[in-house]
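Chains as they are written, first to last, in my numbering: chain A, 4 to 218; chain B, 14 to 529.
If you are wondering where the hints come from, they were derived from the structure by calculation, not from laboratory data. Honestly, I wouldn't trust all of these hints.
Claimed, not checked - The calculated label-pair distances, taken between Cβ atoms and stated as ranges, are:
| # | chain 1 | residue 1 | chain 2 | residue 2 | range |
| --- | --- | --- | --- | --- | --- |
| 1 | A | Ala-35 | B | Lys-66 | 43 to 49 angstroms |
| 2 | B | Lys-66 | A | Ala-60 | 53 to 59 angstroms |
| 3 | B | Lys-59 | A | Ser-103 | 51 to 57 angstroms |
| 4 | B | Gly-61 | A | Ser-103 | 56 to 62 angstroms |
| 5 | B | Gly-236 | A | Lys-64 | 54 to 60 angstroms |
| 6 | B | Gly-42 | A | Asn-86 | 53 to 59 angstroms |
| 7 | B | Gly-236 | A | Ala-79 | 44 to 50 angstroms |
| 8 | A | Trp-198 | B | Lys-66 | 43 to 49 angstroms |
| 9 | B | Leu-40 | A | Ala-35 | 23 to 29 angstroms |
| 10 | A | Val-153 | B | Lys-299 | 27 to 33 angstroms |
| 11 | A | Ala-79 | B | Lys-125 | 21 to 27 angstroms |
| 12 | B | Arg-74 | A | Gly-200 | 18 to 24 angstroms |
Claimed, not checked - Below are the BS3-like pairs computed for lysine-lysine, each with C-alpha atoms no more than 25 angstroms apart in a straight line:
| # | chain 1 | residue 1 | chain 2 | residue 2 |
| --- | --- | --- | --- | --- |
| 13 | A | Lys-44 | B | Lys-100 |
| 14 | B | Lys-100 | A | Lys-214 |
| 15 | B | Lys-190 | A | Lys-146 |
| 16 | A | Lys-44 | B | Lys-295 |
Beta carbons: idealized from backbone N, C-alpha and C, even for Gly.
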Amino acid sequence: MSNIIQLIASQGVSIETIYLILALPFVATLIAAFRQLIGVKSFGIYTPLVLTFAFWAIGIKYGIAIFLVIFITGTAVRYILRNFRLLYMPRMAIVLTVISLAILALLAVGGYLNKTGLAATSILPILILITLIEKFISTQVEKGFRTAAVLSIETLVISIACYYFIIWDIFKNLVLDHPEYILLLFVINIFLGRWTGIRLSEYLRFREVMKNVDK
Amino acid sequence: MFTFLKNSKGLLGMNARNLSYIRPNNLQGAIHLANNKLRSKEALFKAGIPVPKIYGVIRNRKELEVFKWDDLPKSFVLKPNCGSGGKGIKVIFGQKKDQSWVSTEGGKMTIKDLRNHVMDIFEGFYSFSGASDIAFFEERIKLLKILKPYSYKGIPDIRVIVYNKVPVMAMLRLPTKESGGKANLHMGGIGLGVDIATGVTTNAVMHDQLIEKTPDTKFKLSGIRIPQWKEILEIAIKCQEISKLGYIGVDIAIDSERGPVVLEVNAHAGLSIQIANLAPLKYRLKKVSGLKVKNEAHGIRIAQDLFGGEVEEEIEDISGKQVLGIIETIKIGIMNPEDSGLGIKNEEIGKEAGIEIAKGSTRSMEPTKIPLSRGELEEIELKAKIDTGADRSSIDEELARKLGYEKVIDEFKEVVKDLEIENNVTKEILDEKIKDKLDKWGDDFDTVVIKSSHGVSYRLLIKMNIELSGIKLISKMSVTDRSHLEFPVIIGRRSLGRFLVDPSKKTRAVFGKDAK
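Model the full structure from these sequences, guided by the hints.
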């Protein structure tokens, strides 16, 4: 462990906290790389970031389960509410209400089935997950269900990848031993920000065009 | 793998588009203007660019309360001012007796439905940033006849990418059933690549996949010639200058009455146009970057030279003449059977059909353009030989008989039978001898003396309506026995004044028929 980390830890800050703060810029960079190099779009940088750390706090299994419950319930409620012609804010409040009830039911069922892992999770990450539904719903309204669903799946995939990245011991030790590596992120992001190459997804999308380029 | 990477070099990806083209060329102020449909429309209108008329604007709830719905016409388009990608656009194409409208997405729309939609627009559901928006009603473009078979309910439009005053790539976008009558590609519209030099469509894509025919009606999508193409390119370049966007996508629709009309300008033109054209965009952008382009005509010329398809089309553009091959499919009008034999009435039929046949001395045999279509006259289609070695066009006797000239031909043969035709005989001498008949037949018939290696022959000339490569002509055809020859009709020099002949050209029509 590096000297700086030891110094901070000696002041009473938990290693866990230090690690998460240091890991956050790495995850953010990873999400940026997903977008610029691979072409996985997701909902901005905030949503996959929060989802990653929520998974970290809740555990991947329950994390995904809760994500799916929120997504499916939210979409269903939106479809039902479409016929009522309500204004945006009250409509979203109703969606959040139904989702809260669904999560409560999920916790109850979990408790009944003696899945104590679910009940033991801290509530704050779950609350954050619930609020993410606004992003999904507003995207559905703006860009249609198809686009929103694709973006949601992409967000989920990125978050799962990021989750496995931050629980990776080699990475964890590396960051705690050499926190100065964080400076590398500036270089990487400047490179990503100037990168004008073709994204991996675009190779797929434009394959017909490339086949037809002579010379 | 390496050729794969090499081929991708000219491709324009999202990263390069944003960083290398939009960022340096499209300044924030210009993007702002482009994203605001009403303001950009106003700017274009002031500069003399044709845009759809505005029927009304609703800015807030107060205006919505007092809006006079009855003043709306039977068909219109309701749009959010700051929408993108065709979201939130309602196309209304008819009104029912109970005052409700019909939208292209299918289904009735009452005033209440429209009000609710306007409310949604206010809420900012369809705007770029989700910020609250205003709604407006716009003229619905009237569909061009030739594009009708290809469009589902909505109006097709043409997207032209202009960079550095050069129209680098273009695409025709067709609305489909899936896209709900809108021409936007990611909603399921069809994108057709367009040859920038000629305005003829090449490939077609739907959902980024190549297709050949329209999904609903199964019409072939390649080879559609977009009318007023040069005008469209010119307007697109002007739009770039007015909007001050260095890299711009201009959407233009063709109204059946008004001609090309600019629907909107885009600061963030999409990349699918590359698939529709099967051509990489960056390669083209690099080629025109830094060029000094003097004016619109110059920009169009550069685009045609650099990115145009077929050479022969360019010759047609330069000379203003159609290029013909040696064998062409032509149409010949059939004489009205009622007048067959009398032969005099042909001109009157022509008048009824709106044809004006040029009168003059028998010497003026220059083909005359027929100003109106001869819809009422029947015609036949056949292959003819284009013969620049022949002065006049000629037609096989048997065919001329079938076309309704039997009686005149018989009469002519009858009177000519006894004539002595010597080597130094002239038309005037012979005409004098059969004057009665010639007067009886009228202006549509004449004679000609043809001298060839076989000797001298005296032939009947018939004025016929023909259509060659889409151009209608009146040609005087000499009647002769061609039954031993491959082609019953040859087209000679006198009918070819408006054409160029390229012996290496094979006509599509001939090919198409042979292929079957």
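Here's how the hints hold up against the structure:
no.	hint	verdict
1	A/Ala-35 / B/Lys-66: 43 to 49 angstroms	holds, 46 angstroms
2	B/Lys-66 / A/Ala-60: 53 to 59 angstroms	holds, 58 angstroms
3	B/Lys-59 / A/Ser-103: 51 to 57 angstroms	holds, 54 angstroms
4	B/Gly-61 / A/Ser-103: 56 to 62 angstroms	holds, 58 angstroms
5	B/Gly-236 / A/Lys-64: 54 to 60 angstroms	holds, 57 angstroms
6	B/Gly-42 / A/Asn-86: 53 to 59 angstroms	violated, 42 angstroms
7	B/Gly-236 / A/Ala-79: 44 to 50 angstroms	holds, 47 angstroms
8	A/Trp-198 / B/Lys-66: 43 to 49 angstroms	holds, 45 angstroms
9	B/Leu-40 / A/Ala-35: 23 to 29 angstroms	holds, 25 angstroms
10	A/Val-153 / B/Lys-299: 27 to 33 angstroms	holds, 32 angstroms
11	A/Ala-79 / B/Lys-125: 21 to 27 angstroms	holds, 26 angstroms
12	B/Arg-74 / A/Gly-200: 18 to 24 angstroms	violated, 48 angstroms
13	A/Lys-44 / B/Lys-100	holds, 20 angstroms
14	B/Lys-100 / A/Lys-214	violated, 33 angstroms
15	B/Lys-190 / A/Lys-146	holds, 18 angstroms
16	A/Lys-44 / B/Lys-295	holds, 22 angstroms
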